[in-house]
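Colleague: Sequence:
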Amino acid sequence: MKRQPLFLSLFLLTGAVALSGCSSDETTAANGDEVIIVGTQNDYPPFAFANDNNELTGYDVDVVKAIDEKLDGYTFEFTAVPWDSMFLSLESNKIQAVADQIAKTPEREEKYLFTDESYFAAETVIAVKEGREDIQTIEDLEGKKVGALAGDSYTLLLEEYNETADTPIELTYSESGTPAEVLQDVQNERVDAYVNDPIMMNKVLEKNELGVEIVGQSLVNDQMGIVLKHGEKGEELKALIDPILKQLKQDGTLAELSRKWTGGEYIPE
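Residues -20 to -1, 1 to 249 (mature numbering (1 follows the signal peptide of the UniProt record, and there is no 0)) are what the sequence shown spells out, left to right.
Be aware that a few hints might be false.
Stated by the list, open to error - Computed list of lysine-lysine pairs in DSS-like fashion (alpha-carbon distance at most 27 Å, straight line):
| id | residue 1 | residue 2 |
| --- | --- | --- |
| 1 | K229 | K218 |
| 2 | K84 | K74 |
| 3 | K50 | K74 |
| 4 | K213 | K226 |
| 5 | K187 | K240 |
| 6 | K213 | K84 |
| 7 | K84 | K229 |
| 8 | K84 | K45 |
| 9 | K218 | K45 |
| 10 | K91 | K45 |
| 11 | K109 | K229 |
| 12 | K226 | K50 |
| 13 | K109 | K125 |
Unchecked claim - Label pairs and their calculated CB-CB ranges:
| id | residue 1 | residue 2 | range |
| --- | --- | --- | --- |
| 14 | L136 | P248 | 13 to 21 Å |
| 15 | E212 | E122 | 41 to 49 Å |
| 16 | P148 | L68 | 26 to 34 Å |
| 17 | N168 | P223 | 42 to 50 Å |
Calculated from the structure, these hints are not laboratory results.
A virtual CB, placed ideally from N, CA and C, is assigned to each residue, including glycine.
Using the sequences and the accompanying hints, generate a full structural model.
Modeller: Printed below as a string of structure tokens:
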């Protein structure tokens, strides 16, 4: 086990990703470890966000820190990456891993390498303006304006639904790329609803005192995994990370972190 703590580097980015540009093969930590740069968002509480000291923190960050403590020969550094640049950064090797509540989907697993072990089980729900009663199910969203972030699993769910819907959902893609902005659009009635994770949305609603509420039952449950790039390095990291994630699940570490950040245990079996 490493004795050196995880070093967190936070680059708050706007627009294009301004990372160091160095691959893990070119970067070595002070203790001689190979550096793996992990991309995550800085505005997705309680999973990945910047605290008052501009340090990245949250459940996903703590999970990777726990992995780092048990993984010899590597040091994980974090950098904040906007959602719309996340996978491009991975493909171009500006980052070597993603820990950002990325749901495993067949389409993504064709393009990217996921850990076999999932570290969080997430729900998908609908949020509407408080007092609204005409939306409870995904069918109720037909013909309505729904806020969306391009490329996330919640948007993909709605895009797939539209392929067979009698009346398609009108997806309104956010230019800001942040859930907080979309939830503000719901409150201000620029859109009728938003579909995302209830834990994150409740944190954002509480912080911003928005008049938005979650309605209906969960639409789907997703398994979240750490994402790597296909290739020799990705396979090497996956083979090292999977046993550690399994151990963290079995010894209760993931459950403890889940309770710390979400108030409940949302750990896949």
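Colleague: None of the hints should be skipped; say for each whether it holds.
Modeller: Each hint, compared with the structure:
Distance restraint check for K229 and K218: the Cα-Cα separation of roughly 16 Å lies within the 27 Å cut-off, and the hinted pair is therefore satisfied. Taken as a hint, the K84 and K74 pair is honoured in the structure, with Cα atoms around 22 Å apart against an allowance of 27 Å. This hinted pair checks out: K50 and K74 have alpha carbons roughly 24 Å apart, not beyond 27 Å. For a cut-off of 27 Å, the pair hint linking K213 to K226 stands: about 20 Å separates their Cα positions.
For the given pair, K187 sits about 18 Å from K240 by alpha-carbon distance, which is consistent with the 27 Å threshold. Annotation: proposed proximity of K213 to K84 holds, straight-line Cα distance about 20 Å (limit 27 Å). The straight-line distance between the Cα atoms of K84 and K229 is roughly 18 Å, inside the 27 Å bound, and the hint therefore holds. Our distance criterion of 27 Å between C-alpha atoms is met by K84 and K45, whose separation comes to about 21 Å.
Proposed proximity of K218 and K45 is supported: the alpha carbons are some 16 Å apart, at most 27 Å. Between the alpha carbons of K91 and K45 the distance comes to roughly 26 Å, so the proposed pair stays at or under 27 Å and holds. Pair hint K109 plus K229 does not hold up; C-alpha atoms about 37 Å apart against a cutoff of 27 Å. As the CA atoms of K226 and K50 are separated by approximately 12 Å, the hinted pair is consistent with the 27 Å bound.
For the suggested pair K109 and K125, the alpha carbons sit about 13 Å apart, so the restraint of at most 27 Å is met. Restraint check, L136 to P248: a C-beta distance of roughly 20 Å satisfies the suggested window 13 to 21 Å. In this structure the hint that E212 and E122 lie 41 to 49 Å apart at CB holds, the actual value being about 46 Å. The supplied range of 26 to 34 Å is met by P148 and L68, whose beta-carbon atoms lie about 28 Å from each other.
At about 48 Å, the beta-carbon gap between N168 and P223 stays in the expected band of 42 to 50 Å.
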